[in-house]
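A.B. asks: Heads up: the protein sequence lines correspond to chains G and D, in order.
Residues in the first sequence are numbered consecutively from 460, following the numbering used here.
Residues in the second sequence are numbered consecutively from 460, following the numbering used here.
What the hints contain is simulated information worked out from the structure, not anything from laboratory work.
You can't tell identical chains apart in this list, so a pair holds if it fits in one copy or across any two.
Listed next, the in silico DSSO-like pairs over lysine-lysine satisfying Cα-Cα at most 30 Å (straight line):
(1) 541 / 468
(2) 531 / 468
(3) 468 / 546
Each chain, letter by letter, is given below.
2 protein chains.
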Amino acid sequence: MSLIANTPKPPYYAVIFTNHRTEGDHGYGKMAKRMVGLASEQTGFLGVESAREEVGITVSYWSDLESIKAWKANIEHLEAQKSGHEKWYSSFKVRISKVERDYGI
Amino acid sequence: MSLIANTPKPPYYAVIFTNHRTEGDHGYGKMAKRMVGLASEQTGFLGVESAREEVGITVSYWSDLESIKAWKANIEHLEAQKSGHEKWYSSFKVRISKVERDYGI
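Whole structure, please, built from the sequences with the hints as guidance.
C.D. replies: Right, dumping it as structure tokens:
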């Protein structure tokens with residue numbers, strides 16, 4: 460979760476999830492770990508990067524939009540999204556984007 | 460820098476910059492602040508989100524690819540990119556992506 464994702468040559472997709480947490484854990488830590496594990500088992504999953512200071516940013520990478528849709532509709536993930544709305548996040552934004560180019564060292 | 464960016468209705472662009480730092484500051488903190496200030500003055504800049512734990516993630520948002528190109532070629536930013544290569548980052552990845560859809564609370 461803490462490494463730079465080893466993604467293939469573009470194009471591929473990035474889901475940028477930015478959020479502010481509420482106070483307290485309320486089962487968040489355990490569920491967050493479970494969701495990363497579960498996401499990584501899904502068809503089309505390419506990698507994930509995550510960091511939190513005042514704001515939390517998790518970027519997950521996917522081969523195509525269909526895989527992103529399927530992951531959003533995953534039954535266990537739906538339960539986590541519900542708890543996210545109700546308990547864990549005071550605000551969040553999800554951005555679905557198509558990676559057109561990348562470079563690095 | 461610590462808030463969820465208040466971006467307009469898609470489409471717009473996201474530059475996802477993920478990195479690992481080297482040990483020590485070497486002028487990084489001051490330059491990082493300066494670059495956020497300078498970026499926010501550029502044409503087409505829409506916002507920025509940033510967090511660091513083991514990995515640092517900075518996502519900047521832009522109205523179009525031309526603005527991203529112009530910012531990459533900014534003379535003071537070029538100097539910072541050079542120091543980034545030479546001193547501040549042991550590894551990094553830059554991903555240019557087009558935000559097609561977003562939602563949140």
